[in-house]
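Dock chain B against chain A, hints included.
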Amino acid sequence: MSDGLKSLLFAVVMCMVCSTLLTLGATGLQRFQEKNILLDKRKNILLSAGLLDEKNMVGPEEITRIYSESISALWVDGEGNIKSEADHGSKDLPLYLCRRSGAVFAYIIPFTSKGLWGKIHGYLALDTDGSTVKGFTVYQHQETPGLGGEIEKRWFQKNFSGKKIVDRSGNFVSIAIAKGKAANAVPETLQGNYVDGISGATLTGKFLSEGLKDVLLAYEPVSIEFRHNRMKGLTDEGHP
Amino acid sequence: MNIRKSVTYKAIVEALWQSNPITKQTLGICSALAVTVKLDTAVVMSLALTCVVAFSNLIISAMRKQIPRNIRMIVEVMVIATLVILADEALKAFLYDISKQLSVFVGLIITNCIVLGRAEAFALGNPPLRSFLDGIANGLGYSSVLIGVAFFRELLGSGTLLGFPVIPGWLYDAGYQDMGLMVLAPGAFIVIGLFVWLQHVVLKTKT
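Chains as they are written, first to last, in my numbering: chain A, 1 to 240; chain B, 1 to 207.
If we strip away everything but chain B, and leave its shape as in the complex, we get:
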């Protein structure tokens, strides 16, 4: 069987590229602006969101035949909120410093449209395993943009990657300066905007 033709493969490619949650559907922008100053916070945030969206999809999909139609949104939000709080507690226990930097943004995954959107649009109509993979795929789509943005913001804004200085000293001596704008929110807007633009250009030339 050709792997490129399987439904799962198509779903993953679609979430990563053709309908990437951030660049194509413009969801989850709030956290993408806020936690991308440093790579490490972006990576932890990506992991947290990927876990939450994958498991909320799995659980909701497993219960999809039992959930009463009239309260399905409430049930979805409840599952998501429980998972997010558990993730937040785990971060506080094992990655305290990073969890302090992420502050409210882990909690705000509850209101992240990607999670509820996938639950509503995919998990309610598909079997658990495929929903789980769809969650992973969308989480990766989100992560790829988040980590990409954080890479450029940390490199240009602080001259470091994951906290290690990467810009050589002689460059600073020659007059190079870190771009202060990249550390602030407008820098994130500009970088995300460039990502969106780049993706749309590439997609257009392909089709």
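One chain only, chain A, in its complex shape:
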């Protein structure tokens, strides 16, 4: 057998063996990974609503308990009407309601935004007034560690709390990431709509701002319902 043929044969056998190993590894561990991912999502939903504290992290059982006690998942259609888990259509949007001793105090919007290198996944919690941001978390992204990757850090995320998605006269303007410190970068009237940016990660901020705007725009009918206090009756009558 010639040398070239031998190399080719060896390479083919190696490829087979390696891909079999990888497939076995990936499928065998998938069950565990999915469990972790679900738990991580729940943890982030709770973090965004302020029901968990990053400083005193609790175990998996506690997270599951708090989640089932205070979060209910439901769907809304384009006009802001609430639908139950069972009869939602493909165009309806997922939404989470957070309760504290029965009363809804916030709703959480899951978002997927474009990032510089890949998609950014996270949650944005809004107060029941329909305009104030309660919290913001990112649970999955591919941004550069140390630069755009700082979006997963607490110092960046806590800037979102208390910001508004509407301007002073109550019109929707979304929330955006400033270039540098919001206090220096944007006029005073807009500071309620901007959070401090990350130096060296201008593009991540730009993409995330656009992504958040698109998502908030899609959920705007729901937010309007909340703003006009029309959700009260729907959401307070026990768990749907």
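No lab work stands behind these hints: they were computed from the structure. Among these hints, one or two may not hold up.
Below, in silico cross-link-like pairs of lysine-lysine (DSBU-like), each with a Cα-Cα straight-line distance of 35 Å or less [claimed, not checked]:
{"no.": "1", "chain 1": "A", "residue 1": "Lys35", "chain 2": "A", "residue 2": "Lys213"}
{"no.": "2", "chain 1": "A", "residue 1": "Lys153", "chain 2": "B", "residue 2": "Lys92"}
{"no.": "3", "chain 1": "B", "residue 1": "Lys100", "chain 2": "A", "residue 2": "Lys119"}
{"no.": "4", "chain 1": "A", "residue 1": "Lys158", "chain 2": "B", "residue 2": "Lys92"}
{"no.": "5", "chain 1": "A", "residue 1": "Lys181", "chain 2": "B", "residue 2": "Lys100"}
{"no.": "6", "chain 1": "B", "residue 1": "Lys92", "chain 2": "A", "residue 2": "Lys119"}
{"no.": "7", "chain 1": "A", "residue 1": "Lys153", "chain 2": "A", "residue 2": "Lys119"}
{"no.": "8", "chain 1": "A", "residue 1": "Lys41", "chain 2": "A", "residue 2": "Lys179"}
{"no.": "9", "chain 1": "B", "residue 1": "Lys92", "chain 2": "A", "residue 2": "Lys41"}
{"no.": "10", "chain 1": "B", "residue 1": "Lys92", "chain 2": "A", "residue 2": "Lys35"}
{"no.": "11", "chain 1": "A", "residue 1": "Lys91", "chain 2": "B", "residue 2": "Lys100"}
{"no.": "12", "chain 1": "A", "residue 1": "Lys153", "chain 2": "B", "residue 2": "Lys100"}
{"no.": "13", "chain 1": "A", "residue 1": "Lys41", "chain 2": "B", "residue 2": "Lys100"}
{"no.": "14", "chain 1": "B", "residue 1": "Lys65", "chain 2": "A", "residue 2": "Lys164"}
{"no.": "15", "chain 1": "A", "residue 1": "Lys163", "chain 2": "A", "residue 2": "Lys119"}
{"no.": "16", "chain 1": "B", "residue 1": "Lys92", "chain 2": "A", "residue 2": "Lys213"}
{"no.": "17", "chain 1": "A", "residue 1": "Lys83", "chain 2": "A", "residue 2": "Lys114"}
{"no.": "18", "chain 1": "A", "residue 1": "Lys206", "chain 2": "B", "residue 2": "Lys100"}
{"no.": "19", "chain 1": "B", "residue 1": "Lys24", "chain 2": "A", "residue 2": "Lys179"}
{"no.": "20", "chain 1": "A", "residue 1": "Lys91", "chain 2": "B", "residue 2": "Lys92"}
{"no.": "21", "chain 1": "B", "residue 1": "Lys100", "chain 2": "A", "residue 2": "Lys158"}
{"no.": "22", "chain 1": "B", "residue 1": "Lys65", "chain 2": "A", "residue 2": "Lys206"}
{"no.": "23", "chain 1": "A", "residue 1": "Lys83", "chain 2": "A", "residue 2": "Lys6"}
{"no.": "24", "chain 1": "A", "residue 1": "Lys213", "chain 2": "B", "residue 2": "Lys100"}
{"no.": "25", "chain 1": "B", "residue 1": "Lys92", "chain 2": "A", "residue 2": "Lys179"}
{"no.": "26", "chain 1": "A", "residue 1": "Lys6", "chain 2": "B", "residue 2": "Lys65"}
{"no.": "27", "chain 1": "A", "residue 1": "Lys114", "chain 2": "B", "residue 2": "Lys92"}
{"no.": "28", "chain 1": "A", "residue 1": "Lys158", "chain 2": "A", "residue 2": "Lys83"}
Beta-carbon label-pair distances, calculated as ranges [as the list claims (entries may be wrong)]:
{"no.": "29", "chain 1": "B", "residue 1": "Val77", "chain 2": "A", "residue 2": "Asp3", "range": "54 to 62 Å"}
{"no.": "30", "chain 1": "A", "residue 1": "Leu9", "chain 2": "B", "residue 2": "Ala62", "range": "16 to 24 Å"}
{"no.": "31", "chain 1": "B", "residue 1": "Val196", "chain 2": "A", "residue 2": "Lys35", "range": "21 to 29 Å"}
{"no.": "32", "chain 1": "A", "residue 1": "Gly162", "chain 2": "B", "residue 2": "Ile29", "range": "36 to 44 Å"}
Think of the CB as a built atom: it goes at the ideal place given N, C-alpha and C, for glycine as much as any other residue.
Then chain B, alone, in the frame of chain A:
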């Protein structure tokens, strides 16, 4: 038989000290800078790299007579990449939080020069068991520096070790502050630099 004279012992001592992968050969610096902010990430990274380098050495050494010369680099990288992806998947399944913090750096073990360097320089010319031990030794050499750097960075930068606060409260009351520089990349450069300097000084006085 005197254990100090055995080939294996000499190989381990050499990898740990005289030709330590990080401080002496300056390999694997990228991950040493990135994952040493906290001790726990450094320990997990060290374990992952030690496993990968040991098993890649073992496998490549076992196949060294069969591997065709002209595609040996490709085969080496393939073995390493498979092992690294398996390690990454295992971390995602069992140590999810730490694997999130390590992010891309586990994947980057593939391009870590220590792994390919040992495969090329040692495993291709030595029997499997000795290659395996050489991998462990080099992994330990890497780990010792990584964990050492992480120890100082976490202690000085965050005042904790493995997440537990170790700086007593009265020290903070007396005006002590955590050194913010240690949490950032320049802190790692400085600490690694000091390690390299220290080792070279000690080595010089010995010989």
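To see whether the hints hold, each was checked on the structure:
{"no.": "1", "hint": "A/Lys35 - A/Lys213", "verdict": "holds (31 Å)"}
{"no.": "2", "hint": "A/Lys153 - B/Lys92", "verdict": "holds (20 Å)"}
{"no.": "3", "hint": "B/Lys100 - A/Lys119", "verdict": "holds (16 Å)"}
{"no.": "4", "hint": "A/Lys158 - B/Lys92", "verdict": "holds (27 Å)"}
{"no.": "5", "hint": "A/Lys181 - B/Lys100", "verdict": "holds (28 Å)"}
{"no.": "6", "hint": "B/Lys92 - A/Lys119", "verdict": "holds (19 Å)"}
{"no.": "7", "hint": "A/Lys153 - A/Lys119", "verdict": "holds (17 Å)"}
{"no.": "8", "hint": "A/Lys41 - A/Lys179", "verdict": "holds (29 Å)"}
{"no.": "9", "hint": "B/Lys92 - A/Lys41", "verdict": "holds (14 Å)"}
{"no.": "10", "hint": "B/Lys92 - A/Lys35", "verdict": "holds (10 Å)"}
{"no.": "11", "hint": "A/Lys91 - B/Lys100", "verdict": "holds (32 Å)"}
{"no.": "12", "hint": "A/Lys153 - B/Lys100", "verdict": "holds (12 Å)"}
{"no.": "13", "hint": "A/Lys41 - B/Lys100", "verdict": "holds (13 Å)"}
{"no.": "14", "hint": "B/Lys65 - A/Lys164", "verdict": "violated (68 Å)"}
{"no.": "15", "hint": "A/Lys163 - A/Lys119", "verdict": "holds (24 Å)"}
{"no.": "16", "hint": "B/Lys92 - A/Lys213", "verdict": "holds (32 Å)"}
{"no.": "17", "hint": "A/Lys83 - A/Lys114", "verdict": "holds (28 Å)"}
{"no.": "18", "hint": "A/Lys206 - B/Lys100", "verdict": "holds (24 Å)"}
{"no.": "19", "hint": "B/Lys24 - A/Lys179", "verdict": "violated (42 Å)"}
{"no.": "20", "hint": "A/Lys91 - B/Lys92", "verdict": "holds (32 Å)"}
{"no.": "21", "hint": "B/Lys100 - A/Lys158", "verdict": "holds (20 Å)"}
{"no.": "22", "hint": "B/Lys65 - A/Lys206", "verdict": "violated (54 Å)"}
{"no.": "23", "hint": "A/Lys83 - A/Lys6", "verdict": "violated (63 Å)"}
{"no.": "24", "hint": "A/Lys213 - B/Lys100", "verdict": "holds (27 Å)"}
{"no.": "25", "hint": "B/Lys92 - A/Lys179", "verdict": "holds (34 Å)"}
{"no.": "26", "hint": "A/Lys6 - B/Lys65", "verdict": "holds (13 Å)"}
{"no.": "27", "hint": "A/Lys114 - B/Lys92", "verdict": "holds (24 Å)"}
{"no.": "28", "hint": "A/Lys158 - A/Lys83", "verdict": "holds (31 Å)"}
{"no.": "29", "hint": "B/Val77 - A/Asp3: 54 to 62 Å", "verdict": "violated (20 Å)"}
{"no.": "30", "hint": "A/Leu9 - B/Ala62: 16 to 24 Å", "verdict": "holds (18 Å)"}
{"no.": "31", "hint": "B/Val196 - A/Lys35: 21 to 29 Å", "verdict": "violated (43 Å)"}
{"no.": "32", "hint": "A/Gly162 - B/Ile29: 36 to 44 Å", "verdict": "holds (42 Å)"}
Of the numbered hints listed earlier, those contradicted by the structure are 14, 19, 22, 23, 29 and 31.
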